[in-house]
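Model the full assembly from the supplied sequences, consistent with the hints where possible.
Number of protein chains: 2
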Amino acid sequence: MSRKHILLNAFDMNCVGHIHHGLWTHPRDRSTDYNTLGYWTRLATTLERGLFDGLFIADVLGVYDVYQGKADVAARAAVQLPVNDPMLLVSAMAAVTRHLGFGVTVNLSHEAPYLLARRFSTLDHLTGGRVGWNIVTGYLESAARAMGLSGQLPHDERYDRADEFMDVLYKLWEGSWEEGAARRDKAGRVFADPSQVHKVIHHGKYFDVEGIHLAEPSVQRTPVLYQAGSSGRGQRFAARHAESVFVAGVNKADVARSVRSLRGELVKAGRRADDVKVFMVAAVIVAPTGPGARALEAEYRDFASREAGLAHFAAGVGVDFGKVGLDDPIDYTMGNAIESHARAAQEHGWTRRKLLELFALGSRYPAIVGDAVEVADQLQSWVAETGIDGFNLARTVTPECHEAFVDLVVPELQRRGVYKTAYTEGSLRHKLHGEGDRLPQRHAAQVFRRSQG
Amino acid sequence: MSRKHILLNAFDMNCVGHIHHGLWTHPRDRSTDYNTLGYWTRLATTLERGLFDGLFIADVLGVYDVYQGKADVAARAAVQLPVNDPMLLVSAMAAVTRHLGFGVTVNLSHEAPYLLARRFSTLDHLTGGRVGWNIVTGYLESAARAMGLSGQLPHDERYDRADEFMDVLYKLWEGSWEEGAARRDKAGRVFADPSQVHKVIHHGKYFDVEGIHLAEPSVQRTPVLYQAGSSGRGQRFAARHAESVFVAGVNKADVARSVRSLRGELVKAGRRADDVKVFMVAAVIVAPTGPGARALEAEYRDFASREAGLAHFAAGVGVDFGKVGLDDPIDYTMGNAIESHARAAQEHGWTRRKLLELFALGSRYPAIVGDAVEVADQLQSWVAETGIDGFNLARTVTPECHEAFVDLVVPELQRRGVYKTAYTEGSLRHKLHGEGDRLPQRHAAQVFRRSQG
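Top line first, the protein sequences correspond to chains A and B.
Quick note on numbering: the first sequence equals residues 1 to 453 in my numbering.
Quick note on numbering: the second sequence equals residues 1001 to 1453 in my numbering.
Hints were generated in silico from the structure; no laboratory data involved.
Being a predicted model, the structure only gives us computed values, none of them experimental.
A couple of the hints might just be wrong.
What the hints assert, rightly or not - Where chain B lies over chain A, by a calculated footprint (3+ residues, C-beta under 8 angstroms):
id: 1; segment: 189-196
id: 2; segment: 209-221
id: 3; segment: 270-281
id: 4; segment: 306-313
As the list claims (entries may be wrong) - Straight-line alpha carbon distances no greater than 25 angstroms define the calculated BS3-like cross-link-like pairs of lysine-lysine that follow:
id: 5; chain 1: A; residue 1: Lys-323; chain 2: B; residue 2: Lys-1070
id: 6; chain 1: B; residue 1: Lys-1070; chain 2: A; residue 2: Lys-199
id: 7; chain 1: A; residue 1: Lys-252; chain 2: A; residue 2: Lys-277
id: 8; chain 1: A; residue 1: Lys-277; chain 2: A; residue 2: Lys-4
id: 9; chain 1: B; residue 1: Lys-1252; chain 2: A; residue 2: Lys-70
id: 10; chain 1: B; residue 1: Lys-1323; chain 2: A; residue 2: Lys-199
id: 11; chain 1: B; residue 1: Lys-1252; chain 2: A; residue 2: Lys-186
id: 12; chain 1: B; residue 1: Lys-1186; chain 2: B; residue 2: Lys-1205
id: 13; chain 1: B; residue 1: Lys-1070; chain 2: B; residue 2: Lys-1354
id: 14; chain 1: A; residue 1: Lys-252; chain 2: A; residue 2: Lys-323
id: 15; chain 1: B; residue 1: Lys-1199; chain 2: A; residue 2: Lys-70
Even glycine gets a Cβ: it sits at the ideal position worked out from N, Cα and C.
Now the structure itself:
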């Protein structure tokens, strides 16, 4: 079994119901405090105590209105509705931590590159180089309508546009201010040397930008790039840009295949197979004893909402389960749905009945349940058998799920030598990849850099 | 002299050189730490100690490239370049304060209403109802080019578009979720009542939006609305929307005229003359003794940059002073410049020589200099003779300027009974206007509210 350190992100969202739907109704769950700062600073402090690599904050634009053709279940069960902006949480959490990274999801399909570039640069400054960006292109028609569009771009074209968007951002982040341009020289009365600050000129198919990047270079310049695309086009996008990728899988064979495919794409793109860290979504329910953990799982199940899980999944696969009999065969579309979800559903022949069984905890993602030894065994076996680097740990009942993990599982992993016992100094990128604060020269951003003056 | 309490905002920006250019070179100035969280949390703590009503954070998109036809002076002297995003500062400061308000500038000309509405709702949630929005429409051609446009909309049309933008935001903030729609009922397993959550449908000249507002109602719903428009069209916009307005003036007569005109527009718009709080930009240099304060001013002047002040002002009035002789008469344009600046410059016949004199502290705004008694006398006399409600205090050498004001001037104002001795409980809006957390029924937003279910 590998002695490589397992990487850990907490997987959360600025909302009530994120993955394990219904659990907000558990008496000890505090996710309805998502709109208060104390909720987030407490979470960040707990995660840093557990030496977590990062807090990954999901986001979605639009609402889940595929199930029953309306958003009623989403509203009633708080299925990622309401959902507040994720970026605005970061500075408060950064102020109470020193090492924890923050991976923030932003859908680039509705953002202006010049403004989004500045927002990420600002966070990278304020966190001292601890920010990442989970790049998504969106998949909900309701988001397009809210943005005044008649509909989304087709799936693959969304990625074409995203590729150009990234080029613009690299120009702004990597090419506008030369290294050392910001002199900050009080005695010489020179803040920046104008000859080293350049206007970006970009005229492309989707974007036209002419301007100096408004932010001086931050620790990482480009935030650590996360991506979750699992379609063929999505994997090619990840192979070009991503430094961390999230995968979700039904079983180890599926995940192993997906990881192998991604690493193959990386090498084709001129990068190293391990240039991307792969995180798998999972939930852990741990207690001091195995029976205690299983009792806790049973208790949680009493508060979960299978229907809410189905309403969420319906949007992901583009199927209105409200119109489908319990045992009807289902033709999962591949349209604007999340392709990996639709593919898994198709391959496994999931009927509505089967899905409702899977959603016993409000989500189809695997729950790893047991005492610390059992949980550590399972985490290690997922890593060994699939080639992933670590986990995106979804919350169940919060904050107790995070506190139990930190108190019970982290020490067990440390005893086994598969988890760090202290943070490495340096930026989030350096902590994850060990090659310094900036993107390596073999990354696509390199061509947009200026030779250093 | 009025016993009305004077209102106070600190006036700052997420950048090095904001108003008083060149002072970043002073050995004690810490504004080059603008990109660190400690700089902002310290500022917020100081302001709350001084019972400031708010921290007003300016912003600008684009660069000051009118002077000499390029941004070289702006870059060299850090004239609002670099400038980081202001919204992302708020949560860290909110976490270390309980009452301080945050007025954040966002240029709506380049934002999507559906996304901006959520960002402000998020901040209003996280601050517990302490957020305001300074609505600007921009004036720099360099911003338009950075956004991929061939140029800005004409001045008055920018406000027409802004009016429609505001209507969309009121629909989202005030009309999408009924009061009480968010039940948060764990026992009943109902987060929100779907029958009380409504899709906004807006199809206008500039915007099309169809969607449920992603955020549940926050304390204030609509953030406190600030505005600084001083043109005729700008004042009509303010009369319809604003709850606080910023003015800048050369002398008391100018300011009094401007305040009278604004209050007249308010009444014409069906609101009360005092429905808008008027803040005037000023800088205070205070010391334990009058001679000490004047010595401090002289010391500061040695570090100020008159040329940087001129480069900033050049963009505001649309005149390239790099091409103008010291005593040449100047034809100030009214094009995309800031009309009040251009008008003042025209009326006072400011030549380049006169401006360089005015910019002795790096800015043309009045500096109020003296011991606490002298400063309090002057602040009170501005209020009494112009009808303003308070001040936007620009920083000079930071943080000492804020600390000196809080330690010396605040107690003097309190002794005179013209400044609060404790915060009122409640939201920023309630603190400023005393009529509760929400916009009053006589505000334009009222028509976008739903009858309460």
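Status of each hint after checking the structure:
Coverage of the segment 189-196 of chain A by chain B holds. Counting CB-CB distances below 8 angstroms, 6 residues qualify, and the rule asks for three or more. For the segment 209-221 of chain A, the assignment as covered by chain B holds, since 8 residues bring a beta-carbon within under 8 angstroms of that chain's beta-carbons and 3 suffice. Under a criterion of three residues with beta carbons nearer than 8 angstroms to beta carbons of chain B, the stated coverage of the segment 270-281 of chain A fails, only 0 such residues being counted. Taking a C-beta to C-beta cut-off of 8 angstroms, the segment 306-313 of chain A contributes 0 residues in contact with chain B, too few for the three needed, and the coverage statement is violated.
For the hint linking Lys-323 of chain A to Lys-1070 of chain B, the alpha-carbon distance of about 62 angstroms lies beyond 25 angstroms, and the restraint is violated. In summary, the hint linking Lys-1070 of chain B to Lys-199 of chain A is supported, as the alpha carbons are separated by about 11 angstroms, within the 25 angstroms threshold. Taken as a hint, the Lys-252 of chain A and Lys-277 of chain A pair is honoured in the structure, with Cα atoms around 17 angstroms apart against an allowance of 25 angstroms. The suggested pairing of Lys-277 of chain A with Lys-4 of chain A holds, with an alpha-carbon distance near 12 angstroms, which does not exceed 25 angstroms.
With a C-alpha separation of about 58 angstroms, the suggested pairing of Lys-1252 of chain B with Lys-70 of chain A is violated against the 25 angstroms cut-off. Under the criterion of a C-alpha separation no larger than 25 angstroms, the hint pairing Lys-1323 of chain B with Lys-199 of chain A is consistent with the structure, at around 23 angstroms. Taking the CA atoms of Lys-1252 of chain B and Lys-186 of chain A, the gap is about 36 angstroms. The hint is violated against a cut of 25 angstroms. Restraint check: the Cα-Cα separation between Lys-1186 of chain B and Lys-1205 of chain B comes to about 43 angstroms, which exceeds 25 angstroms; the hinted pair is violated.
Between Lys-1070 of chain B and Lys-1354 of chain B the CA atoms are separated by roughly 23 angstroms; this keeps the pair inside 25 angstroms, and the hint holds. For the given pair, Lys-252 of chain A sits about 32 angstroms from Lys-323 of chain A by alpha-carbon distance, which is inconsistent with the 25 angstroms threshold. Under the criterion of a C-alpha separation no larger than 25 angstroms, the hint pairing Lys-1199 of chain B with Lys-70 of chain A is consistent with the structure, at around 11 angstroms.
In the structure shown, a violation is registered for the earlier hints numbered 3, 4, 5, 9, 11, 12 and 14, in ascending order.
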